[in-house]
Amino acid sequence: MLRQGVLLTSEGSTWGLERSQDERGSSVMNYKQWLAEQLAGQLEGVTLETIEELIEYPPNPQMGDLSLPCFKLSKQLRKAPQAIAEELKAKWVAGDSVQRVDAVSGYFNVFLNPAQFASEVITEVLKKGERYGSQELGKGKNIVIDFSSPNIAKTFHIGHLRSTVIGKALYNIFEFMGYNSVGVNHLGDWGTQFGKLIVAYKLWGEQSKVEAEGIDELQRLYVKFHDEADTKPELEDEARAWFVKLEQGDAEAEKLWRWFVEISLKEFHKMYDLLGVTFDSYAGESFYNDKMAAILDELKAKKLLEEDEGALLVRLDDYNMPPALMVKKDGGTLYHTRDVTAAIYRKNTYDFEKAIYVTDAGQSLHFQQWFKVIELMGHDWAKQLQHVPFGKVSLEGAKLSTRKGNVIHLEELLAKAIEKTREIIEEKNPNMENKDEVARKVGVGAIIFNDLSNNRIKDIVFSWDEALNFEGETGPYVQYTHARACSVLRKAGVEGDKPEAAAIDAELLTNAEAQGVVRELYLFKERVEQAMHKLEPSIVSRYLVDLAQSFNRFYHECPILVDDQAVRAARLALVQSVRITLKNGLRLIGLEAPEKI
RNA sequence: GUCCUAGUAGCUCAGUUGGAUAGAGCAACGGCCUUCUAAGCCGUGUGUCAUGGGUUCGAAUCCCUUCUAGGACGCCA
3 MLRQGVLLTS EGSTWGLERS QDERGSSVMN YKQWLAEQLA GQLEGVTLET
53 IEELIEYPPN PQMGDLSLPC FKLSKQLRKA PQAIAEELKA KWVAGDSVQR
103 VDAVSGYFNV FLNPAQFASE VITEVLKKGE RYGSQELGKG KNIVIDFSSP
153 NIAKTFHIGH LRSTVIGKAL YNIFEFMGYN SVGVNHLGDW GTQFGKLIVA
203 YKLWGEQSKV EAEGIDELQR LYVKFHDEAD TKPELEDEAR AWFVKLEQGD
253 AEAEKLWRWF VEISLKEFHK MYDLLGVTFD SYAGESFYND KMAAILDELK
303 AKKLLEEDEG ALLVRLDDYN MPPALMVKKD GGTLYHTRDV TAAIYRKNTY
353 DFEKAIYVTD AGQSLHFQQW FKVIELMGHD WAKQLQHVPF GKVSLEGAKL
403 STRKGNVIHL EELLAKAIEK TREIIEEKNP NMENKDEVAR KVGVGAIIFN
453 DLSNNRIKDI VFSWDEALNF EGETGPYVQY THARACSVLR KAGVEGDKPE
503 AAAIDAELLT NAEAQGVVRE LYLFKERVEQ AMHKLEPSIV SRYLVDLAQS
553 FNRFYHECPI LVDDQAVRAA RLALVQSVRI TLKNGLRLIG LEAPEKI
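Each residue of the first sequence is one higher than the last, beginning at 3 in my numbering.
Keep in mind that the hints were calculated from the coordinates and are not lab data.
Where a beta carbon is used, it is the ideal one built from N, C-alpha and C, also for glycine.
Any given hint could turn out to be false.
Simulated restraints on C-beta separations [claimed, not checked]:
no., residue 1, residue 2, range
1, Glu421, Lys247, 41 to 47 Å
2, Glu597, Tyr321, 21 to 27 Å
3, Val246, Glu597, 53 to 59 Å
4, Tyr347, Leu367, 47 to 53 Å
5, Val246, Glu473, 38 to 44 Å
6, Asp310, Lys77, 27 to 33 Å
7, Glu230, His368, 54 to 60 Å
Mimicking DSSO-like on lysine-lysine, the simulated pairs with C-alpha atoms at most 27 Å apart in a straight line are [unchecked claim]:
no., residue 1, residue 2
8, Lys129, Lys141
9, Lys234, Lys305
10, Lys356, Lys437
11, Lys247, Lys305
12, Lys430, Lys394
13, Lys226, Lys394
14, Lys305, Lys330
15, Lys234, Lys204
16, Lys257, Lys211
17, Lys349, Lys211
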């Protein structure tokens, strides 16, 4: 299991465990590590790593800023937890960094010097700017992220949105942690459905209509095929025949196929442009057509393939899994075959440290199976493959189904969100310039954030009301907070990212509201790292809400543009730090941060 | 039938990898704009953490039982 990058191991065999030189240095603030260093000498036989792992943030500020629960040390030291805490308190050497320490019911609590805490955090944020929170954990390492991967000739609906936004967020997070992310859109551009589509098009389709209406028309044809095939099963045979022709390079079949792909991509790109998503590779299923034979030969050579009822499969009984079908009895390949082939291709091409697949949880078994096949082929990098599953989206209880037409088109959803945003702007900020641009950024942001605000694995029941709610824990709330901070800075005449941080008197930021903000700012780096380890973008989304809440509280309680220049400067530095951190976080999860909304 | 995942406030969800009184948002009600963006802030309250057991100094968290929901389970992806 992946762990936080606080443990030093001898080999660093698991990615993310290693730490850069920069991180070990005391110049970069890491209070858990720092406290562990202070305490290590005081506890005989307890390693620094053990202590650092135990240190936690107390649930509320009255208990301090950092805490060491002494219960686990109790056995080893053969002392009561409270006694250990008392001892640490007695031995504590006073210094500038810490205001006081305390021993409470088995916890050793540390209260940081609030002024110094504020000063260090703000200095760090302003110094790093748009790199604040970033790390170099993955320097020189590639991460391949397979995401979005829609099917050609099928509408891009809210089901695809999840893979797209989760994948994109992970892409950004890995980049931010120093990795080189490779985004792969594994297009569903091959398979028997193209036989069906060709048949349907030839029977009922019109070129002009397909050109005018794009995927919608292709999908209508596809649905019609299934309706008709219920009563005319011979259509299925025709479809199979056309797919065989396509596989054999038949000119007419290939021309139609290319056309369907082209039309579909055009529409996908409209969505990707709106969402701000790009890919490094569009190598879809068809890309592997000529590469699977070699893999099948390899499987045969390694005696992994077994024939059963005319099909070829890899037995996985020993691993408590059903067999992985590799070749159909008609000789056709299957998605196992393609995924295995693609993984090997990607390993050879990108030499990845990790390859992750962002798909719905329903495919979990499929991934388990072919990951095992890779392992059985003798590839020790099988453990670098990871499925990132997410829950299903349903519509008021009913399952989404392309065939039944029970879908919400992403295009429609985004359009509605943008329209609603536009109305709100018209009402609240009618004199603003770039209303359309801002409406797009906020409307789209609301939809993305909504999809990223829960744990991936949770099923989502789609609700228009919730998706278009812009209050509370939402994207617009965070963006609004950012714009609010921008507005104050604008009025104050602060320009650029770096006002003179050194000049501030941090004693003026020791009140509860300011400290609440400082604490959140400090947590950013840790949260992003955690989001990477758990492959969970929602950690960043929720963090942003926490930061925004703490800032809004501060904003409400502490007037910023006051006459007292020292107070004004100190508070402005804090506002600037919040602005930077909000923007960095929003960018990570794929949201823009307009300066006015 | 086998396996996987989930079950926390009326609703949607967090819960720092086993720690201190289980927290937010929404919805409801009440307050706050002559002052920096009210998409905001403050206040009012609700929990057999599905269930029964076990491990532990300590469990929403780990193990087992049962229940409920969803999903997967050889020629679709």
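Now for the hints, and whether the structure bears them out:
Evaluation of the 41 to 47 Å hint for glutamate 421 and lysine 247 yields a pass: the beta carbon distance comes to about 45 Å. Checked against the given bound of 21 to 27 Å, the beta carbons of glutamate 597 and tyrosine 321, roughly 54 Å apart, lie outside it. Remark: the range hint 53 to 59 Å for valine 246 to glutamate 597 is upheld by a beta-carbon distance near 57 Å. Distance hint check: the CB atoms of tyrosine 347 and leucine 367 are about 23 Å apart, inconsistent with the given range 47 to 53 Å.
Range check, valine 246 to glutamate 473: about 56 Å between beta-carbon atoms, so the 38 to 44 Å window is missed. A hinted range of 27 to 33 Å is violated for the C-beta pair aspartate 310 and lysine 77, which are about 55 Å apart. Range check, glutamate 230 to histidine 368: Cβ separation about 30 Å, and the 54 to 60 Å hint is violated. For the given pair, lysine 129 sits about 21 Å from lysine 141 by alpha-carbon distance, which is consistent with the 27 Å threshold.
For the hint pairing lysine 234 with lysine 305, the CA-to-CA distance comes to about 42 Å; that exceeds 27 Å, so the pair is violated. Taken as a hint, the lysine 356 and lysine 437 pair is broken in the structure, with Cα atoms around 41 Å apart against an allowance of 27 Å. For the hint pairing lysine 247 with lysine 305, the CA-to-CA distance comes to about 31 Å; that exceeds 27 Å, so the pair is violated. Straight-line distance between C-alpha atoms of lysine 430 and lysine 394 comes to about 36 Å, which puts the hinted pair past the 27 Å bound.
Straight-line distance between C-alpha atoms of lysine 226 and lysine 394 comes to about 26 Å, which keeps the hinted pair within the 27 Å bound. As the CA atoms of lysine 305 and lysine 330 are separated by approximately 18 Å, the hinted pair is consistent with the 27 Å bound. For the proposed pair lysine 234 and lysine 204, the alpha carbon gap of about 16 Å is at most 27 Å, so the pair holds. With a CA separation close to 17 Å, the supplied pair lysine 257 and lysine 211 stays within the 27 Å bound.
A distance of roughly 42 Å separates the Cα atoms of lysine 349 and lysine 211; the hinted pair therefore is violated under the 27 Å criterion.
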